[in-house]
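Engineer: Residue numbers (our numbering), protein chains in the order written: chain A, 1 to 444; chain B, 1 to 444.
One thing to keep in mind: the hints can contain errors.
Same chains, same label: a pair holds when it works inside one copy or across any pair of copies.
In the DSS-like style, the derived pairs of lysine-lysine whose C-alpha atoms are separated by at most 25 Å in a straight line are [unchecked claim]:
hint : residue 1 : residue 2
1    : K185      : K206
2    : K206      : K385
3    : K388      : K100
4    : K100      : K385
5    : K195      : K206
6    : K388      : K417
7    : K391      : K417
8    : K100      : K185
9    : K391      : K100
10   : K198      : K185
11   : K185      : K195
12   : K417      : K385
Simulated from the structure, these hints should not be mistaken for laboratory data.
2 protein chains.
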Amino acid sequence: MARSEPARGMRDFLPEDVRRREYVIGVIARVYERYGFEPLETPAVENLDTLMGKYGDEGNQLIFKILKRGEHEASGQADLALRYDLTVPLARVMAHYQAKLPRLFKRYQIQPVWRADRPARGRFREFYQCDVDGVGSTSPVIEADLCAAVAEALTTLGFTDFVIRLNHRQLLTSLLAAAGVDTAKHGEALIALDKLDKIGPDGVAKELDARGIGGEASTALLEFFQPSVAESELDRLSGFVGDDAAGLAAVDNLRAIMALASATPAGGRIRIDPSLARGLSYYTGAIMEINVADLAGSLGGGGRYDNLVGMFLGQHIPACGFSLGLERILVVMGERGMFPPDLAVTPADVMVSVFDASDTVHAFRVATQLRDSGLRVLVYPDAEKMGKQIKYADARGIPFVAILGGDEIAAGTVTVKRLADQTQHTYDQSAAGAAILEALRQRG
Amino acid sequence: MARSEPARGMRDFLPEDVRRREYVIGVIARVYERYGFEPLETPAVENLDTLMGKYGDEGNQLIFKILKRGEHEASGQADLALRYDLTVPLARVMAHYQAKLPRLFKRYQIQPVWRADRPARGRFREFYQCDVDGVGSTSPVIEADLCAAVAEALTTLGFTDFVIRLNHRQLLTSLLAAAGVDTAKHGEALIALDKLDKIGPDGVAKELDARGIGGEASTALLEFFQPSVAESELDRLSGFVGDDAAGLAAVDNLRAIMALASATPAGGRIRIDPSLARGLSYYTGAIMEINVADLAGSLGGGGRYDNLVGMFLGQHIPACGFSLGLERILVVMGERGMFPPDLAVTPADVMVSVFDASDTVHAFRVATQLRDSGLRVLVYPDAEKMGKQIKYADARGIPFVAILGGDEIAAGTVTVKRLADQTQHTYDQSAAGAAILEALRQRG
Numbered sequence: 001m002a003r004s005e006p007a008r009g010m011r012d013f014l015p016e017d018v019r020r021r022e023y024v025i026g027v028i029a030r031v032y033e034r035y036g037f038e039p040l041e042t043p044a045v046e047n048l049d050t051l052m053g054k055y056g057d058e059g060n061q062l063i064f065k066i067l068k069r070g071e072h073e074a075s076g077q078a079d080l081a082l083r084y085d086l087t088v089p090l091a092r093v094m095a096h097y098q099a100k101l102p103r104l105f106k107r108y109q110i111q112p113v114w115r116a117d118r119p120a121r122g123r124f125r126e127f128y129q130c131d132v133d134g135v136g137s138t139s140p141v142i143e144a145d146l147c148a149a150v151a152e153a154l155t156t157l158g159f160t161d162f163v164i165r166l167n168h169r170q171l172l173t174s175l176l177a178a179a180g181v182d183t184a185k186h187g188e189a190l191i192a193l194d195k196l197d198k199i200g201p202d203g204v205a206k207e208l209d210a211r212g213i214g215g216e217a218s219t220a221l222l223e224f225f226q227p228s229v230a231e232s233e234l235d236r237l238s239g240f241v242g243d244d245a246a247g248l249a250a251v252d253n254l255r256a257i258m259a260l261a262s263a264t265p266a267g268g269r270i271r272i273d274p275s276l277a278r279g280l281s282y283y284t285g286a287i288m289e290i291n292v293a294d295l296a297g298s299l300g301g302g303g304r305y306d307n308l309v310g311m312f313l314g315q316h317i318p319a320c321g322f323s324l325g326l327e328r329i330l331v332v333m334g335e336r337g338m339f340p341p342d343l344a345v346t347p348a349d350v351m352v353s354v355f356d357a358s359d360t361v362h363a364f365r366v367a368t369q370l371r372d373s374g375l376r377v378l379v380y381p382d383a384e385k386m387g388k389q390i391k392y393a394d395a396r397g398i399p400f401v402a403i404l405g406g407d408e409i410a411a412g413t414v415t416v417k418r419l420a421d422q423t424q425h426t427y428d429q430s431a432a433g434a435a436i437l438e439a440l441r442q443r444g
Numbered sequence: 001m002a003r004s005e006p007a008r009g010m011r012d013f014l015p016e017d018v019r020r021r022e023y024v025i026g027v028i029a030r031v032y033e034r035y036g037f038e039p040l041e042t043p044a045v046e047n048l049d050t051l052m053g054k055y056g057d058e059g060n061q062l063i064f065k066i067l068k069r070g071e072h073e074a075s076g077q078a079d080l081a082l083r084y085d086l087t088v089p090l091a092r093v094m095a096h097y098q099a100k101l102p103r104l105f106k107r108y109q110i111q112p113v114w115r116a117d118r119p120a121r122g123r124f125r126e127f128y129q130c131d132v133d134g135v136g137s138t139s140p141v142i143e144a145d146l147c148a149a150v151a152e153a154l155t156t157l158g159f160t161d162f163v164i165r166l167n168h169r170q171l172l173t174s175l176l177a178a179a180g181v182d183t184a185k186h187g188e189a190l191i192a193l194d195k196l197d198k199i200g201p202d203g204v205a206k207e208l209d210a211r212g213i214g215g216e217a218s219t220a221l222l223e224f225f226q227p228s229v230a231e232s233e234l235d236r237l238s239g240f241v242g243d244d245a246a247g248l249a250a251v252d253n254l255r256a257i258m259a260l261a262s263a264t265p266a267g268g269r270i271r272i273d274p275s276l277a278r279g280l281s282y283y284t285g286a287i288m289e290i291n292v293a294d295l296a297g298s299l300g301g302g303g304r305y306d307n308l309v310g311m312f313l314g315q316h317i318p319a320c321g322f323s324l325g326l327e328r329i330l331v332v333m334g335e336r337g338m339f340p341p342d343l344a345v346t347p348a349d350v351m352v353s354v355f356d357a358s359d360t361v362h363a364f365r366v367a368t369q370l371r372d373s374g375l376r377v378l379v380y381p382d383a384e385k386m387g388k389q390i391k392y393a394d395a396r397g398i399p400f401v402a403i404l405g406g407d408e409i410a411a412g413t414v415t416v417k418r419l420a421d422q423t424q425h426t427y428d429q430s431a432a433g434a435a436i437l438e439a440l441r442q443r444g
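Here chain A stands alone, though its shape is the one from the complex (with noise of 0.2 Å):
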């Protein structure tokens, strides 16, 4: 007997499942709409070499790689691999149709990415984003439309306390340059740094240390890096730049998209915070993650990439873009029940129960006439006895059922019980879908 259960890290969704991920999947492909952006869907299978050493050397570790077929595959070579997140399929397709798509292109896209990640609780080796890029300009614009859109979506979903971290990867480079800190350790110090908000300075500065980063440059680095929410922050980290003019564009940078995204759904939303790093080492410009108190963890990040649409096509293209983790957002909606209650739907408005089996094709012909005025109806398959096919509906929340004897069936009549109340009218069978309809219609 084969084993049932789900490969690893991998996941089934059941009805209600699937509901819930349906409808934030069309909240926010509606929100990313009406911010002009268009929907683009690529390939669940790349070529290898299309993703590999585009993510890093941690990247590369946990791409699922396909074996090559027919003869090959008995040399375990792998030519094809799994998609790894949506932003490098979309550089690919930037250079592929360069002619047929717009100079600036602003497009969304939803659809599952596969990581060889450990498992572990809210971390699936199967698992989608919900991606908004804008491609063509280096303007703060983008960044400022990406912020608006994302806030919108999660505010449309009914969250009122996220933040989005701004952070600039220049500044990064600029404050850890003025740090002291040698460029071949900015790495280090990055991922040191990333631990403030867990391990506090303290923690922070021994790690600095057992990394080869201490004295000055360490003290001068978690002065720079202390959080703060002050409306001022860019003042003060441009204080520490100098005059390096890199970090100090940076800062400009930072500034006007603030501004911008000040008269947006994202007014209020968002924090300066030199210490968001961004794992992905594709990113140049502006980097920028979502985060809500009860998560550890990102809802959602992402940031501007003016290179990595060149590396396809040889030809410089500015892009930027906000990707949102649809099972994060999921985990915090169920955990504060923000679903909307209509979502957990039955299976069918009414069920047509089957009396005796050569009547049958009376059930379909009343099925049929039920559907044509907007019903969702179940036929019973079997000619139980009506108690156990009334029991079915019951259990499925299903909360009328009909009923075809041979008098209803003679005077073309069909009755109709309601489950809640035990009640039944007996109508005629082009007048039963319309008294359904109202009686749903009545309830709520």
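Starting from the structure of chain A, add chain B where the hints point.
Structural biologist: For chain B alone, kept in the frame of chain A given last:
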């Protein structure tokens, strides 16, 4: 520079493609819901042993296999695989969640599957199936229900000329035995008979001979399997079956399915076709396939598979399913111009232009107001020449451009230009949304 093509046999879907796909998926899902089917989703990646041995030898060859992770990667061993169809995962789910799922479960599932087929015109390595299945009953109500649901889905999409071919695995076996074909040769006989449409009776006779089925058996088979559209086809076939009980039961089953389906949107669409065999090895009873005149191959197919769930559960649970192929439907709808004209939507209803970079925040403020009134709004990212901005909107089919010069900003107004006739009006910023919505409505 990395190559930018999608992997072989895989496709990217640009916005217009996605909108067409979403439209068809939406129609099919809504119809399936009206028949009481509930949504299910399963992971793209399954354990390799879940899939192996379920699809016959050819199927085994076409499964995409995924390399083991970590230290085992170098060994070239595969332990995971990409979903090959939606039926085997359903059987696995029925076994795994038996306690949570109802005893009668009607589910639909619309997801991609992957097959390492040689790519050809209209044949892809990633394609979507739109499946409906009824689990837990052997009643012909299930088969008739499936035929009704797919017929209504196709009718709602605008198809008027499809035919559902219907046959039964037991009837096939009975006819082959009655013709005197050795049980061991049944598979070979079906492969030959499957070509009746393409190579005619003489061709099939030659092919049967080459496979060691000649003489009286070949003559009888060609008589039994001659194409017929007669109402009395089942009577004709039951004549050949003789007193074989399984064959006669199959004829009765097909008769019951046709009678029930006659009271549904599948009425008049079903034709008994003794030459229909269906490749997959898991079918045990009725088998179905949908065809239209101008498409080689089918729009979809299915059948009863009463033993598959048991392979995962060790307990007999009957089931029957029907799968529509999304890609085939899209190809025919594209060739026949069956998509609603308003699917070719523009990326936005209105584009807010940017006159002066320092005024961009006003553009954002007006864009937020316009979105709040229900419009889809794009903000142009760069303060380029107005002519260039308007040209972009026009090229993208965006009907209105909002212009905010110094005068408008000072007065709290916005000038709205209609690109179709180059007329423009100036509105209070708070009134512009309603005016544009009204103009869009009048345009239809």
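Engineer: Now tell me, hint by hint, if it's right for this structure.
Structural biologist: Going down the list of hints, with the structure as the test:
no., hint, in the structure
1, K185 to K206, "within (15 Å within a copy, 76 Å between copies)"
2, K206 to K385, "neither (74 Å within a copy, 54 Å between copies)"
3, K388 to K100, "between (60 Å within a copy, 19 Å between copies)"
4, K100 to K385, "between (62 Å within a copy, 23 Å between copies)"
5, K195 to K206, "within (11 Å within a copy, 76 Å between copies)"
6, K388 to K417, "within (14 Å within a copy, 66 Å between copies)"
7, K391 to K417, "within (12 Å within a copy, 62 Å between copies)"
8, K100 to K185, "neither (43 Å within a copy, 53 Å between copies)"
9, K391 to K100, "between (57 Å within a copy, 16 Å between copies)"
10, K198 to K185, "within (21 Å within a copy, 70 Å between copies)"
11, K185 to K195, "within (16 Å within a copy, 69 Å between copies)"
12, K417 to K385, "within (16 Å within a copy, 69 Å between copies)"
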